[in-house]
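**Student:** Residues per chain are reported as follows:
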Amino acid sequence: MSDPQHHVDSVKTYAIVWIALLIATVVTTEVSYVDLGSLNVVVALGIAVCKMLLVALFFMHIRHSTKLTRVVVVGGLLWLGILISMTLTDFATRGWLNG
Amino acid sequence: MASSVHTESHAESPALREQFNTAAQQKDASGLGMWIFLITEVMFFGGLFAAYTIYRSSFPDIFGAASRTLNTTIGAVNTAVLLCSSFTMVLAVRAGQLGKRKQIAVFLILTLILGLVFLGVKAYEWDQKFIEHHVPGPSFHMEGVPDQGHAQLFFSLYFAMTGLHALHMVVGAGLLTWLLIENSRGKFSADYYTPIDMIGLYWHFVDVIWIFLFPLLYLIDRYLKS
Chain A
256 MSDPQHHVDS
266 VKTYAIVWIA
276 LLIATVVTTE
286 VSYVDLGSLN
296 VVVALGIAVC
306 KMLLVALFFM
316 HIRHSTKLTR
326 VVVVGGLLWL
336 GILISMTLTD
346 FATRGWLNG
Chain B
482 MASSVHTESH
492 AESPALREQF
502 NTAAQQKDAS
512 GLGMWIFLIT
522 EVMFFGGLFA
532 AYTIYRSSFP
542 DIFGAASRTL
552 NTTIGAVNTA
562 VLLCSSFTMV
572 LAVRAGQLGK
582 RKQIAVFLIL
592 TLILGLVFLG
602 VKAYEWDQKF
612 IEHHVPGPSF
622 HMEGVPDQGH
632 AQLFFSLYFA
642 MTGLHALHMV
652 VGAGLLTWLL
662 IENSRGKFSA
672 DYYTPIDMIG
682 LYWHFVDVIW
692 IFLFPLLYLI
702 DRYLKS
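Listed in order, the protein sequences are those of chains A and B.
Take 256 as the starting number for the first sequence in this note's numbering and just add one per residue.
Take 482 as the starting number for the second sequence in this note's numbering and just add one per residue.
If you are wondering where the hints come from, they were derived from the structure by calculation, not from laboratory data.
Since the structure is predicted, the reported quantities are computational estimates derived from the model, not experimental observations.
We put the beta carbon where it would ideally sit given N, CA and C, even for glycine.
Treat the hints with care, since some could be wrong.
[Stated by the list, open to error] Here's a subset of chain A near chain B, in silico, CB distances under 7 Å, partners left out:
no., residue
1, Val263
2, Trp273
3, Thr280
4, Ser293
5, Val297
6, Val298
7, Cys305
8, Val326
9, Leu335
10, Ile337
11, Thr342
12, Thr344
13, Asp345
14, Gly350
15, Trp351
[Claimed, not checked] Now the in silico label distances, taken between C-beta atoms and shown as ranges:
no., chain 1, residue 1, chain 2, residue 2, range
16, A, Cys305, B, Arg666, 34 to 44 Å
17, B, Ser539, A, Lys322, 33 to 43 Å
18, A, Ala275, B, Pro627, 36 to 46 Å
19, A, Leu291, B, Glu499, 35 to 45 Å
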């Protein structure tokens with residue numbers, strides 16, 4: 256009855272990912288109190304992206320999913336990138352006209 | 482005629498509806514549909530993240546000062562609670578894959594409890610905002626900030642983003658309750674656990690949103706205070 260696409264990960268795999276996520280939460284909290292200048296936001300978002308990847312790949316089973324699903328996910332994130340970057344190009348350059 | 486009889490028996494199983502060739506194909510289709518829905522959710526939250534990015538880059542000092550009024554410890558603990566709930570959720574999906582109904586129930590209940598703990602802590606935090614007059618509106622006041630308007634902007638985004646996130650948690654809690662009822666009726670097995678799988682994806686998605694909200698709202702320029 257079990258089909259070949261039916262991947263069952265071990266509890267150990269999930270537990271390791273879970274512990275890693277908790278450690279990353281402690282690290283991101285502690286590092287925010289250290290003065291890294293403009294790098295603070297880069298580190299905070301970098302850790303957040305790593306946590307997102309762990310959740311998506313392991314908990315959301317992207318590493319077992321079809322290529323079509325992966326294309327949809329990456330495509331969706333690309334659209335989010337367009338939303339934020341295009342909005343920023345507008346706001347960041349508004350002063351240029353009046354200046 | 483024989484084929485119509487075949488189709489009828491075919492349609493009776495939730496694990497293999499008649500429009501699909503195989504159970505694996507049906508599972509893939511469900512997953513793809515759920516991901517497309519989650520992408521629309523990403524764009525929904527994306528608008529708020531874009532607004533946040535613009536206003537934080539426009540008023541970095543005020544956003545930093547307003548962010549430092551939030552309690553990092555409570556935020557971090559709540560993040561941990563949510564991550565634990567994702568762990569128990571994925572174990573519920575795993576129990577579904579193995580067709581273990583008792584395990585499904587245990588892990589769904591744990592996920593539900595952790596989700597409610599998160600909402601409880603969130604409610605306490607919001608209550609503190611009312612006590613501290615940090616809720617945007619006529620009674621808003623933040624100490625030591627000359628520009629009250631832009632400080633309210635931070636808290637408007639804070640309430641909009643955490644509020645929308647909490648709303649998703651409430652919906653998630655409702656979905657978990659529904660799963661528990663369906664599970665007690667014996668609807669799920671190793672051949673058919675798609676609803677657990679899909680609601681699992683939703684729950685993890687809500688977790689991912691919080692993974693970004695926590696550093697963006699709580700951890701701005703913390704080092705300036707310490």
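**Student:** Now tell me, hint by hint, if it's right for this structure.
**Tutor:** Now the hints, each set against the structure:
1. Val263: Check passed: Cβ of A:Val263 comes within 5 Å of chain B, closer than 7 Å.
2. Trp273: holds (4 Å)
3. Thr280: holds (5 Å)
4. Ser293: violated (10 Å)
5. Val297: violated (11 Å)
6. Val298: violated (9 Å)
7. Cys305: violated (10 Å)
8. Val326: violated (10 Å)
9. Leu335: With a closest approach of 5 Å, the A:Leu335 hint holds.
10. Ile337: Nearest chain B Cβ about 10 Å off; hint violated.
11. Thr342: OK, holds: A:Thr342 within 7 Å of chain B, min 5 Å.
12. Thr344: The hint is violated - A:Thr344 has no Cβ within 7 Å of chain B, the shortest such distance being about 11 Å.
13. Asp345: violated (9 Å)
14. Gly350: violated (11 Å)
15. Trp351: Result: violated, 16 Å to nearest chain B Cβ.
16. A:Cys305 - B:Arg666: 34 to 44 Å: holds (40 Å)
17. B:Ser539 - A:Lys322: 33 to 43 Å: Roughly 41 Å apart at Cβ, these two residues keep to the hinted range, so it holds.
18. A:Ala275 - B:Pro627: 36 to 46 Å: holds (43 Å)
19. A:Leu291 - B:Glu499: 35 to 45 Å: violated (58 Å)
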